[in-house]
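A.B. asks: One-letter residues, chain by chain:
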Amino acid sequence: MAAKTLTIDGKEVSAAEGATILEAASDAGITLPTLCHLEGVYDVGACRMCLVEIAGTPKLLPACTTQVSEGMNVTTTSERLQQYRKMILELLFAERNHVCAVCVANGHCELQTLAYRQGMDHVRYDYCFPKWDVDITHPLYGMDHNRCILCTRCVRVCWHIEGAGTKNVAGRGAKAQIITDLFQPWGESDTCTNCGKCVMSCPTGALFYRGATVGEMERDRSKLEFIVTAREKKQWIP
Amino acid sequence: MDTLRVATVWLGGCSGCHMSFLDLDEFLLELAQKVELVFSPIVDVKEYPENVDLVLIEGAVCNEDHLEMVHKIRRRTKAIVAFGDCAVTGNVTAIRNQLGRGNAASVLQRAYLECADLNPQIPKEPGIVPPLLERVMPVHEVVHVDYYLPGCPPPADRIKALLEQVLAGAEPKLAGKDIKFG
Numbered sequence: 001m002a003a004k005t006l007t008i009d010g011k012e013v014s015a016a017e018g019a020t021i022l023e024a025a026s027d028a029g030i031t032l033p034t035l036c037h038l039e040g041v042y043d044v045g046a047c048r049m050c051l052v053e054i055a056g057t058p059k060l061l062p063a064c065t066t067q068v069s070e071g072m073n074v075t076t077t078s079e080r081l082q083q084y085r086k087m088i089l090e091l092l093f094a095e096r097n098h099v100c101a102v103c104v105a106n107g108h109c110e111l112q113t114l115a116y117r118q119g120m121d122h123v124r125y126d127y128c129f130p131k132w133d134v135d136i137t138h139p140l141y142g143m144d145h146n147r148c149i150l151c152t153r154c155v156r157v158c159w160h161i162e163g164a165g166t167k168n169v170a171g172r173g174a175k176a177q178i179i180t181d182l183f184q185p186w187g188e189s190d191t192c193t194n195c196g197k198c199v200m201s202c203p204t205g206a207l208f209y210r211g212a213t214v215g216e217m218e219r220d221r222s223k224l225e226f227i228v229t230a231r232e233k234k235q236w237i238p
Numbered sequence: 001m002d003t004l005r006v007a008t009v010w011l012g013g014c015s016g017c018h019m020s021f022l023d024l025d026e027f028l029l030e031l032a033q034k035v036e037l038v039f040s041p042i043v044d045v046k047e048y049p050e051n052v053d054l055v056l057i058e059g060a061v062c063n064e065d066h067l068e069m070v071h072k073i074r075r076r077t078k079a080i081v082a083f084g085d086c087a088v089t090g091n092v093t094a095i096r097n098q099l100g101r102g103n104a105a106s107v108l109q110r111a112y113l114e115c116a117d118l119n120p121q122i123p124k125e126p127g128i129v130p131p132l133l134e135r136v137m138p139v140h141e142v143v144h145v146d147y148y149l150p151g152c153p154p155p156a157d158r159i160k161a162l163l164e165q166v167l168a169g170a171e172p173k174l175a176g177k178d179i180k181f182g
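In the order they appear, the protein sequences are chains E and P. Numbering-wise (our numbering), the first sequence opens with residue 1 and increments by one. Numbering-wise (our numbering), the second sequence opens with residue 1 and increments by one.
Heads up, a few of these hints could be off.
[Claimed, not checked] If you anchor each label on the Cβ, the simulated ranges turn out as follows: (1) P/Glu114 / E/Arg117: 39 to 45 angstroms; (2) P/Ile42 / E/Pro130: 37 to 43 angstroms; (3) P/Val129 / E/Gly171: 37 to 43 angstroms; (4) E/Lys11 / P/Ala175: 23 to 29 angstroms; (5) E/His108 / P/Arg76: 39 to 45 angstroms; (6) P/Gln165 / E/His108: 27 to 33 angstroms; (7) P/Leu118 / E/Arg172: 48 to 54 angstroms.
Don't read these hints as lab results, they were simulated from the structure. Glycine is no exception: its CB is placed at the ideal position from the N, C-alpha and C atoms.
Same shape as in the complex, but just chain P (with noise of 0.2 angstroms):
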């Protein structure tokens, strides 16, 4: 049997979610052996490779490469997990678009500009730092997500429920507490 091609990803988020990843423990010695961790933050490969089975993506669609890279993904990979609530929902990545139009513009201006103690000045840096956009959504909002795996982050034991489903061949399925926001 051809050994499952995953991936990883983050976006918009704060690696939380990879944190609780990282909080498998045991069973990443187990999932080493069972898949083949093809692009991460945790792998040195710089370009998001063809023919992935399963992506978890963490983070939301906030800038012009989170835009860019989830359609690059969505074209690449037969599976998309939505992997914690900034995927899922926007979270607190989202709470700028409450400021609505002109939003990107005056969090930057609050972040590098007013609250800067020194060099106060919006990273520009084209073709390197990338735009934000004026709207973040959440991964759905751009591209079919097939699973969702909520949570801030979401608990190893949820990342473990819903991978041993995938390993076992069956349609990953959550419910209950394992579905809960935040």
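For reference, chain E alone in the conformation it holds in the complex (with noise of 0.2 angstroms):
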């Protein structure tokens, strides 16, 4: 495969063919912020957070989906760059109810952490404090779509890691939201694993484990009993 030579930020760089402009910077050192962005899985430039800008380009292009070529003059760090970062990380807080301090991510939550990296104190927006539901169906994880940012990680990890294929999107814009199957309970679902491998990539607190909080422990007994009637009576019932 042919290499290509670019410069980066002013660094003299060489990548792979068909390598992307994020894979080439990580290579030379140089972090960018990255939000729906997970190793492992292919990139699909949803949260625009690594947006670079490249002489000779009008357009800001996402560094995880756009790849090199020959000559290319990357800038990954500027005062416009700065300033569309952080007003998309603002429009992610306002679209939503991100609540940090009561939120079982709070202090891992990878959206909270570029916020307070991109300098992003208040949100200057109006928040629009939007009606969203939370899918507790399933009996191991739960589904939280206040704090959901669309990044789509979970899907492309349902699909593509574990091959289940049970979560989707669906909606338009603001309306869009992840799904299991046809858009039913979670609990309901037929292709789920059960696999946990969604809650695993989620970056903030939409996707969790239950059974965390105060009150959600809940005993099954079915075991013991299991156990005493088979010893008792003989009788093996599950």
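Need the complex rebuilt from these two chains, each delivered in its own frame; the hints are there to steer you.
C.D. replies: Dropping the structure here:
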């Protein structure tokens, strides 16, 4: 495969043909802010955090889905990019209900971390305060749409790592949402394998393990009953 | 040099930010030498005074008293600091906004009627109990805010960092983990 030579932030870099700007930058030790990108699954350029400037192109392009080309001159940090990244974060916070103080992911959230790293100390836009549901029909996991940023990491791991194809996106614009199967409660899904990869991939607290908050512990005594019945009545009733 | 006239105000919040302020411990003694605390929940002054240099506002704007108060504060104060997540974002106090139109009535009904063990009644005392606003707002949605001090609550070190910058005569500027929400 042919190698391409390009410049990233004034640094001469070579990368394999077909590599993305994000990969080339990462190899050169240049870190870009990312949110929807996840090592191991393909990129979709959904969040626009990794937007870069390319000399000769008026548009800003996402580094994660733009391939390197010969002689390309890329800038990853500028006043303009900084402003846009901050604006994107503020819009994400304004669009749904992100209440860090009472979130299961507080202190372990990629959205929260990016916000302070990009210098977001408040949101200039009016909060939308939309009404979204929480799906806790699955016995092991929950989905809080209030905290979802539609990065689609969960959809990609579900289809391309687990191969189950349970998670999908339905709707458009601000009404877009993550769904399970044909828009049914997660607990009623025929395809979900309960693998938990979606929960592992989620950057925020939108997908979470159940049983971790106050009052959620439920005892299952059926196994005890099974053993006692088996011992006393010599009957093995599942 | 004139001492800095400082105020702290408690709007729609849990007072956790003020608790964190008291966590400044011995720095409070240093602060007392350098500023005059002209109005605060921990000072027995009833009326927000004129010519305040700096105010820390805890809490969101939730009721009619808060609304009147923030406008008064803006008129009488040089620099407003939104103090804590409720003031900066609305935080927990603004969760009722998700219930849409009529949320003020429905939260009162839930808290004072449905969940009441004794004497279920919605508090109503014109001129004393302020009516809730239809929508909870972060402070900067109502008046111009000069500086932001996020956190739920902002840790004492963070409050100290901002106050030290002000005392040094610098423009307060927090960055990195010092502007982390939650």
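A.B. asks: Evaluate each hint against the coordinates.
C.D. replies: Hint-by-hint comparison with the structure:
1. P/Glu114 / E/Arg117: 39 to 45 angstroms: holds, 43 angstroms
2. P/Ile42 / E/Pro130: 37 to 43 angstroms: holds, 38 angstroms
3. P/Val129 / E/Gly171: 37 to 43 angstroms: Distance hint for P/Val129, E/Gly171 holds at roughly 42 angstroms.
4. E/Lys11 / P/Ala175: 23 to 29 angstroms: The hint (23 to 29 angstroms, Cβ to Cβ) holds, given that E/Lys11 and P/Ala175 are roughly 26 angstroms apart.
5. E/His108 / P/Arg76: 39 to 45 angstroms: holds, 42 angstroms
6. P/Gln165 / E/His108: 27 to 33 angstroms: holds, 29 angstroms
7. P/Leu118 / E/Arg172: 48 to 54 angstroms: This hint holds: roughly 50 angstroms between Cβ atoms.
Every hint, counting from the list given before, is met by this structure.
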